[in-house]
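Chains as they are written, first to last, in numbering that gives the first Met the number 0: chain E, 0 to 337; chain X, 0 to 337.
Rather than coming from a laboratory, the hints here were simulated on the basis of the structure.
You may find that some hints are simply not true.
The list makes no distinction among identical chains, and a pair is therefore deemed to hold if it is satisfied within one copy or across any two copies.
The list that follows gives simulated cross-link-like pairs (lysine-lysine, DSSO-like), each with its CA atoms no further than 30 Å apart [what the hints assert, rightly or not]:
| no. | residue 1 | residue 2 |
| --- | --- | --- |
| 1 | K280 | K181 |
| 2 | K114 | K167 |
| 3 | K172 | K114 |
| 4 | K310 | K75 |
| 5 | K167 | K105 |
| 6 | K167 | K75 |
| 7 | K32 | K167 |
| 8 | K114 | K280 |
| 9 | K167 | K181 |
| 10 | K172 | K75 |
| 11 | K75 | K114 |
| 12 | K32 | K280 |
| 13 | K310 | K167 |
| 14 | K310 | K280 |
| 15 | K181 | K310 |
Everything numeric in this text was worked out from a predicted model, so none of it was measured.
2 protein chains.
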Amino acid sequence: MSTMEATAAKIIDQPIVDQLVAHTSVEMEEVNKLLLSRVGSHVQMVPDIANYLISAGGKRLRPMLTVAAAMMFEPKGQQHISYAAAVEFMHTATLLHDDVVDESDKRRGQDAPRKIWGNAASVLVGDFLLGQAFMMMVDAGNLEALGILSRSAAIIAEGEVFQLTNAKDANTKVDDYFEVIKAKTAALFEAATEVGAMAGGANLADRSALKTYGAQLGIAFQLVDDALDYGGVSGTIGKNVGDDLREGKMTLPVLHALQNASTTDAQFIRENLGNQDASEKAVSRVVGILQSCGALQTTLDRAYEHADLAKAALAPLAERNGARILIEIADYCVERAA
Amino acid sequence: MSTMEATAAKIIDQPIVDQLVAHTSVEMEEVNKLLLSRVGSHVQMVPDIANYLISAGGKRLRPMLTVAAAMMFEPKGQQHISYAAAVEFMHTATLLHDDVVDESDKRRGQDAPRKIWGNAASVLVGDFLLGQAFMMMVDAGNLEALGILSRSAAIIAEGEVFQLTNAKDANTKVDDYFEVIKAKTAALFEAATEVGAMAGGANLADRSALKTYGAQLGIAFQLVDDALDYGGVSGTIGKNVGDDLREGKMTLPVLHALQNASTTDAQFIRENLGNQDASEKAVSRVVGILQSCGALQTTLDRAYEHADLAKAALAPLAERNGARILIEIADYCVERAA
Chain E
0 MSTMEATAAK
10 IIDQPIVDQL
20 VAHTSVEMEE
30 VNKLLLSRVG
40 SHVQMVPDIA
50 NYLISAGGKR
60 LRPMLTVAAA
70 MMFEPKGQQH
80 ISYAAAVEFM
90 HTATLLHDDV
100 VDESDKRRGQ
110 DAPRKIWGNA
120 ASVLVGDFLL
130 GQAFMMMVDA
140 GNLEALGILS
150 RSAAIIAEGE
160 VFQLTNAKDA
170 NTKVDDYFEV
180 IKAKTAALFE
190 AATEVGAMAG
200 GANLADRSAL
210 KTYGAQLGIA
220 FQLVDDALDY
230 GGVSGTIGKN
240 VGDDLREGKM
250 TLPVLHALQN
260 ASTTDAQFIR
270 ENLGNQDASE
280 KAVSRVVGIL
290 QSCGALQTTL
300 DRAYEHADLA
310 KAALAPLAER
320 NGARILIEIA
330 DYCVERAA
Chain X
0 MSTMEATAAK
10 IIDQPIVDQL
20 VAHTSVEMEE
30 VNKLLLSRVG
40 SHVQMVPDIA
50 NYLISAGGKR
60 LRPMLTVAAA
70 MMFEPKGQQH
80 ISYAAAVEFM
90 HTATLLHDDV
100 VDESDKRRGQ
110 DAPRKIWGNA
120 ASVLVGDFLL
130 GQAFMMMVDA
140 GNLEALGILS
150 RSAAIIAEGE
160 VFQLTNAKDA
170 NTKVDDYFEV
180 IKAKTAALFE
190 AATEVGAMAG
200 GANLADRSAL
210 KTYGAQLGIA
220 FQLVDDALDY
230 GGVSGTIGKN
240 VGDDLREGKM
250 TLPVLHALQN
260 ASTTDAQFIR
270 ENLGNQDASE
280 KAVSRVVGIL
290 QSCGALQTTL
300 DRAYEHADLA
310 KAALAPLAER
320 NGARILIEIA
330 DYCVERAA
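Next comes chain E alone, as it looks inside the complex:
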């Protein structure tokens, strides 16, 4: 067995996320260097907050997707590195602003930056990172890719405003929910894989396939997140379970239950939606309702459907470098909530 075959065999043995990490490790090293070089500021609070989020715990799934999308084709120069770094900065900016918007105390199991440095700093450092993301894109010199990322920035924000408008509104429709998650989550996944494909020099059809892959993966990813917020299909109660309930977010598990649970149970959910002080006992009962009326399983089923659409989009490109990993990642994204 050649060294290369040995390496390949070794990669295949690992869980799929580790395979993605190994597959993109050389490029992600470059991405990380670029990120670190761009959070620098003599205003110490800027790198403090940015590094707190960027260095600590993040999976860097989105920039890995950009790099992996590029590697399926023939990336030249550093464009895919710049795009990946810009995607990660946009994501980090979104996290900083989301925590302020949701008044969250925790992020990735740690104190949210706004708990340490305050809301004001979180808003401003998010703005700084957004500006830096666009500067990196300008340096990369491709107007079309810049258009894709700036459009996704506007779409993400618009989707989050829509989500805000729907909060605690029991008349929210399932279609509204899908519109929200396509905008707030899938838009960046979609942009990440599309600009990756562009940096790889993909033709229009292949670029469109990667764009679809990213969009569908993003939808699946958010569906799973929304199921996990109620403990996943198993309904396991852990920390942060019930955050969406307390914030009044009209996610699919809740929407499904409001339509399918008994009148009494639906009423109980309505009473607790948006109640910041809902007790653990109340959350437990809501989780029980969601589980028994099939809301969590239905959410996961929908996630599998979108993961399948993501995989189908890449099927014609399955023989390309690393495509298998991207295809398998789709299932992994859903299984974490099973």
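Since the structure of chain E is already known, use the hints to place chain X on it.
Frame of chain E; chain X shown alone:
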């Protein structure tokens, strides 16, 4: 007298701001149309908030500067219109985020958007407008101009974080203050006039002159704002006077007084800096101290110096279309606080 001469004579009779408005009115009509077409969203809260700020009361000084800078040369097509609209969107996004950062209740004499729609919506609609600003710049198709505006977005945010870091810190230096206002205010003025000149096809020397003009005007503008926050040189007590004191902002009037007022007076200022509940009586006494120790006059003197630098930058271009208005605007910006 020809119609054109009559129009010119009529314009010269008017106060200088009205002259700028008249000079740029045809182009600003286009800018306004573009702004309105770009705040559209089926998520009603987006145009509601954006129009509340954009339609109501704003002077639109920054986009007028972009248009006027372009008109000094030979603007072709719609590029100067797009740039001006992008500048106004960036400014509006900054206002939305600033109100959240400063916890302000008032904006342009009306309730701040965050008082009506909340902090969350203000943060998100600001992000939406930033995304739209970059999309407009992408549509305009000039990477260099995009680089200038995205860099200014990062600089503005960085400057505001620096201001936050300095809040209530009596060790803040005058140099720190100037660094903050160059970033948080002058950077956008500078970008506004530079991209305007670019859209007009200015050569590098003329573009650099317009860039300097914008930067110096922006510094003068903020110095004046900071004097006005304590009632201007006359120390007139009106609504919003003392906001900076209560927020603990280390502006030049305060920095000057801390160094030049009596020990007792300086101590009184220190005690009230950052005290959200400082009484009107306390604010009155601080204003009295700032006035008697020359802090407000010094601030205005510095503003005149920077206005002079702005005027000097345009002197070699004084014969160009509308240059006289831009030159006179510099003095006007300062006189409003005299």
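Homo-oligomer pair classification [K280, K32; C-alpha up to 30 Å]: neither (46 Å within a copy, 54 Å between copies)
If the cutoff is 30 Å on CA atoms, where do K32 and K167 land: within, between, both or neither? Let me know, please. neither (43 Å within a copy, 35 Å between copies)
At most 30 Å between CA atoms: does that hold for K181 and K310 within a copy, between copies, both, or neither? within (17 Å within a copy, 50 Å between copies)
Reference check for the pair K172 and K114, CA-CA at most 30 Å: within, between, both, or neither? between (33 Å within a copy, 28 Å between copies)
Given a CA cutoff of 30 Å, do K114 and K280 count as a within-copy pair, a between-copy pair, both, or neither? within (26 Å within a copy, 34 Å between copies)
Checking K114 and K167: alpha-carbon separation at most 30 Å within a copy, between copies, both or neither? both (25 Å within a copy, 20 Å between copies)
Should K75 paired with K114 be assigned to within, between, both, or neither, using CA atoms and 30 Å as the limit? neither (42 Å within a copy, 50 Å between copies)
Have a look at K280 and K181 and pick one of within, between, both or neither, based on CA distance no larger than 30 Å. Result: close neither inside a copy nor across copies, 32 Å intra and 53 Å inter.
Between K167 and K75, at a C-alpha cutoff of 30 Å, which is it: within one copy, between copies, both, or neither? neither (48 Å within a copy, 50 Å between copies)
Classify it for me, K310 with K75: is the Cα-Cα distance of at most 30 Å met within a copy, between copies, both or neither? within (26 Å within a copy, 47 Å between copies)
Which holds for K310 with K167 at a C-alpha limit of 30 Å: within a copy, between copies, both or neither? neither (34 Å within a copy, 55 Å between copies)
Go through the copies and call it for K167 and K181: within, between, both or neither, with a Cα cutoff of 30 Å. Cα proximity of K167 and K181: one copy only (20 Å, versus 43 Å across).
The structure fails to meet hints 1, 6, 7, 10, 11, 12, 13 and 14 from the earlier list, while all remaining hints are met.
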